Amino acid sequence: MTETSRLLEQAAQITTPWGKSFTAPEANRLDVVIDANDLPAAAAALNAACWGYLAAITGLDRGADDGRIEALYHFCAGAAVAALRVTTPRAEARLPSICAAYPSASIFERELSEMLGVTFVGTPDVTPLFLPEDWSPDAYPLRKDIDLSQPNTVPVRPPPTNGENGKHFIIPIGPQHPALKEPGHFEFSVAGETVIGATVRLGYAHRGIEKAVEQRNWVQDLYLLERICGICSHIHATAYCLGVEKLAEVTVPPRAETIRTLFAELERLHSHMLWLGVAAHEAGFDTLFMAAWRDRETVMDLLEQISGNRVHYSVNVLGGVKFDLEPQHIDALLNGAAFIEERARYYFDLVNHDPLFNRRTRGVGVMTAEQAETIGVVGPTARGSGIVRDVRVEAPYLAYTRCPVEPIVETDGDLAARFSVRIRELLESCRLIRVLLETLPEGALQTRMPRRIRAGEAISRVEAPRGELFYFVKSGGGEMPERIHARTPTLCNLASALILSIGRPLADIPMILVGVDPCFSCNDRTATIHTADGSAEDETWTWERLRRYGIEATR
Amino acid sequence: MNAFDSLTGALAALLILPGGLALMLIGLIYEWANRKLIARLQNRLGPRWFQPLADVIKLLAKQSIVPAAAHPTLFALLPMIALASVLTSALALPMLGLAPAYAFPGDLIVTVCLLSLLTLCLSLAGFGTDSSFGLVGAMRALMQLFSYEAPFLLALLGPAAAAGSWQIDVIMRYAEANPWMLFTQPLGFFVAVVGLMAKLEMAPFDAPEAHTEIVSGPLTEYGGRHLALFRLSKDTALVIGLTLVAGLYLGGIADPLTFLVKTLALLVLITGVQALFARLRIDQSTTLWWRYVMILLLVQWLVMMVSRG
Amino acid sequence: MNTLNLPERWRDAVETVKRWSRINSPWALHFNSGSCNGCDIELLATLTPRFDLERLGVKLQASPRQADILICTGPVTRLARERLLRVYEQMPSPKYVIALGACAVSGGVFQGCYNVVGRVDAVLPVDVYVPGCPPRPEAIIDGMVKLLAQLQAGEKEKPG
Chain A
1 MTETSRLLEQ AAQITTPWGK SFTAPEANRL DVVIDANDLP AAAAALNAAC
51 WGYLAAITGL DRGADDGRIE ALYHFCAGAA VAALRVTTPR AEARLPSICA
101 AYPSASIFER ELSEMLGVTF VGTPDVTPLF LPEDWSPDAY PLRKDIDLSQ
151 PNTVPVRPPP TNGENGKHFI IPIGPQHPAL KEPGHFEFSV AGETVIGATV
201 RLGYAHRGIE KAVEQRNWVQ DLYLLERICG ICSHIHATAY CLGVEKLAEV
251 TVPPRAETIR TLFAELERLH SHMLWLGVAA HEAGFDTLFM AAWRDRETVM
301 DLLEQISGNR VHYSVNVLGG VKFDLEPQHI DALLNGAAFI EERARYYFDL
351 VNHDPLFNRR TRGVGVMTAE QAETIGVVGP TARGSGIVRD VRVEAPYLAY
401 TRCPVEPIVE TDGDLAARFS VRIRELLESC RLIRVLLETL PEGALQTRMP
451 RRIRAGEAIS RVEAPRGELF YFVKSGGGEM PERIHARTPT LCNLASALIL
501 SIGRPLADIP MILVGVDPCF SCNDRTATIH TADGSAEDET WTWERLRRYG
551 IEATR
Chain B
1 MNAFDSLTGA LAALLILPGG LALMLIGLIY EWANRKLIAR LQNRLGPRWF
51 QPLADVIKLL AKQSIVPAAA HPTLFALLPM IALASVLTSA LALPMLGLAP
101 AYAFPGDLIV TVCLLSLLTL CLSLAGFGTD SSFGLVGAMR ALMQLFSYEA
151 PFLLALLGPA AAAGSWQIDV IMRYAEANPW MLFTQPLGFF VAVVGLMAKL
201 EMAPFDAPEA HTEIVSGPLT EYGGRHLALF RLSKDTALVI GLTLVAGLYL
251 GGIADPLTFL VKTLALLVLI TGVQALFARL RIDQSTTLWW RYVMILLLVQ
301 WLVMMVSRG
Chain C
1 MNTLNLPERW RDAVETVKRW SRINSPWALH FNSGSCNGCD IELLATLTPR
51 FDLERLGVKL QASPRQADIL ICTGPVTRLA RERLLRVYEQ MPSPKYVIAL
101 GACAVSGGVF QGCYNVVGRV DAVLPVDVYV PGCPPRPEAI IDGMVKLLAQ
151 LQAGEKEKPG
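Sequences listed follow chains A, B and C, in order.
Letter 176 of the first sequence, counting from 1, is numbered 176 in the numbering used here, and no numbers are missing.
Letter 36 of the second sequence, counting from 1, is numbered 36 in the numbering used here, and no numbers are missing.
Letter 68 of the third sequence, counting from 1, is numbered 68 in the numbering used here, and no numbers are missing.
Careful, some of the hints might be misleading.
Dumping the calculated BS3-like pairs for lysine-lysine here, alpha-carbon to alpha-carbon at most 27 Å [what the hints assert, rightly or not]:
{"hint": "1", "chain 1": "B", "residue 1": "K234", "chain 2": "C", "residue 2": "K18"}
{"hint": "2", "chain 1": "C", "residue 1": "K59", "chain 2": "B", "residue 2": "K234"}
{"hint": "3", "chain 1": "A", "residue 1": "K144", "chain 2": "A", "residue 2": "K474"}
{"hint": "4", "chain 1": "C", "residue 1": "K59", "chain 2": "C", "residue 2": "K18"}
{"hint": "5", "chain 1": "C", "residue 1": "K18", "chain 2": "B", "residue 2": "K262"}
{"hint": "6", "chain 1": "C", "residue 1": "K59", "chain 2": "C", "residue 2": "K146"}
{"hint": "7", "chain 1": "B", "residue 1": "K36", "chain 2": "B", "residue 2": "K234"}
{"hint": "8", "chain 1": "B", "residue 1": "K262", "chain 2": "B", "residue 2": "K234"}
{"hint": "9", "chain 1": "C", "residue 1": "K146", "chain 2": "B", "residue 2": "K262"}
{"hint": "10", "chain 1": "B", "residue 1": "K36", "chain 2": "C", "residue 2": "K146"}
Hint data in this document are derived by calculation from the structure and do not stem from the laboratory.
Computed from a predicted structure; not experimentally measured.
Excised from the complex, chain A in its bound form (with noise of 0.2 Å):
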């Protein structure tokens, strides 16, 4: 705690000049409360201290009565949090974007501007974020006196995309697309083989859950934040709970706590073996896809034998974890993690071997460690290029207080780099599954959780297997949530898929977007939008001009 009360005494005297009070809301977290006018500046001061990175911007409508919209920006480094909080009137809501400092805010600053009608003054990128096309603009969903009982329309079509674009070819990727699973629209702008431009469109799977979860009482948005990713669910409800319960005062028994941090890593396992197989699927590698999943059902089979499902598997509940581990169940386990780590080891050598796979992987999208930093990537991706980011090991939670783990970090930065993190991780995944199941202590697997939680904020952040998810909880004291924010590692991912797209060829497009292994549902919840400059298409573009691009289109 040492190290965290340093950090946080050291953002304190770096805000000191800005700052109006310093309150620490947790042990962990440090509140500094700044005019409106004093952001970039007190930003721009973090940032020269290299104090951290941004983790999110949430926005707060503080009601009517009150009369103001407040932004909480997120730094986090290792363990501590500092906060910096500003306010704006509701009636002209106006505050100063700190793109200059953290170019990775625009997303950020784009989903608050939307959801909540926050201008942001000298923020590069205005366009809609993910409210479909004919959204009225009055209407911000997350503003507390929203009327959605009116379906907030208003008559315009957008224009069609698809074809030709001036001289270049433009090739839509998605919504229903081969290489996409999911939901996303993309639109690569090619000049022969050569990707020149790229533009994103999200919002395909945006159902609006951060509004839902304030009409819904805290145990029915523990189902509902399941429910945001199908592929990491644990993880998110993980998160939720970890808020909750901090606001509740509630201690989990270890007990749970360990098998909470089971799940996360089967999870893991799951998630991984899963993107393998997609990676492999893209690069036309369809044996390596078969392979992958076909060992991937024996993770399937471990949580459906503990929990009864394969997907939603529901482990959670507030105060603690619903279902025990039998002894047969640590049998399985064992068995099953030997088996992947035995199959991990012939993936990690193949993916690293096949000279044929080699030459789709090696050298392509590349990402420095800089880079990294300015885009602001989290998880494999970021540990693929050098960085270690990794909540995990950063700022221990459940029980990886107990069971420290082994950052895997590669320093290629390439996608081979993210193969290798990934494959690494499931040996390491393993190799705590074992230590958990070691140490599982005795005990109940619940505590009482009081039907209304105190009024406060909390703030948790988890590893997800795509990188680090940040939750931010608020109660009024009710029996309903005041307001959930949930920033999902692949909104901090996806930028860095579309500037490491240009200048290569097609065909490693798929491979390049299935790198940062991006959650379009888990993005969806609330999505952002990252164009090209639409003017420019007719232009040849420099190598100059497309690394600039590749800077300033993450501003």
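Start from chain A and add chains B and C according to the hints.
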């Protein structure tokens, strides 16, 4: 033998054996063998034996949609030309132990060219539908055609040079009487097999129809009976290609049994390769053909010329 | 459709062959209209070695032009609605729709969310509903087999 008899005989040969229906049926069965084998290599059960037949009949019975952007006549004509050219290319081939229906000196070149007409038709189909996937697919198909066509033809001309004839059945008879050219011209055999895979757009040379990038490539807009004809052409081309390579390099195909055993053995070989590799990018496959395969072939030809003195 | 003036018996025979081919070659197209991924990964799992839908002739097609069955997962979001309709219209007849998973069947947990139009049959005519959150691969195969059984019984004859 009067004129009428020879005419009906020729018609039967054209329509049923060795041309036409029988050829297409063999093609469908070979497609099944290919898919089943891949499935088994991937640890799956795979399709049932009548699967390709059911696929084709279903496609034939389905509604055919001609996209608004496509030329209706061309759209319908291209698959027909493709099938016709592939079937025509079978005329000079001895198959199932039968003599070729129409052999003439130099028919080897004609056969290979007629096979290429299939690729051309596919590309034109892609260009004709005004879909970006079709266009990119067509471009890739042509690019690949230009890179493998010359080496493939040269690889088939190796046995022809050894036999001293450019007539397929003459070369095959020479192949029966002499040691397998697989052993005398191993590099040529290798190139012929790889060239055949490229011709049939099998993995790792399936960039023109890479599903994950450009949906179904040139055939993205094709469905119903037009697609059925293209599938039939491809299946037939598979049989013809296998017959050519097996006949020239594996010591001829004198009787039906040898024909089946040798072509199927070759099919097993290319299916194995197909299942084993990831897809080559189009630039990588072009490089492969011109930089490596071409050199292998030149070495082969050099060795042949030197040994002949 | 039948312009040829064939005798009754012949026409029956042709119909039988057509039906046989349809039942034995159901090519599917997967469309995610706002699903959470759960159904999608289970659908993908049905293609892999343990379940292997190719046994039944099912092939996951890439282009709507080549598909017979539209497998739809997830509640239909506002943005996906138009695409879903377009994909369905691109498919040649006879075509069938399977609604996969609780959300596609009923809207599931996402009922009433502001960006959700609703269940799939609010947009398209659905032939088979496969409930479950998500349905197990076995359930997906069962749904497929039920659709094929309906075809066999001639219940789903559509102009084609």
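Results for each hint:
1. B:K234 with C:K18: holds (22 Å)
2. C:K59 with B:K234: holds (18 Å)
3. A:K144 with A:K474: Holds, because 14 Å separates the two Cα atoms, which is no more than 27 Å.
4. C:K59 with C:K18: holds (18 Å)
5. C:K18 with B:K262: violated (35 Å)
6. C:K59 with C:K146: holds (17 Å)
7. B:K36 with B:K234: holds (17 Å)
8. B:K262 with B:K234: holds (20 Å)
9. C:K146 with B:K262: violated (42 Å)
10. B:K36 with C:K146: Roughly 25 Å separates the two Cα atoms, so the pair holds.
Hint compliance for this structure: hints 5, 9 are not met, and every other hint is.
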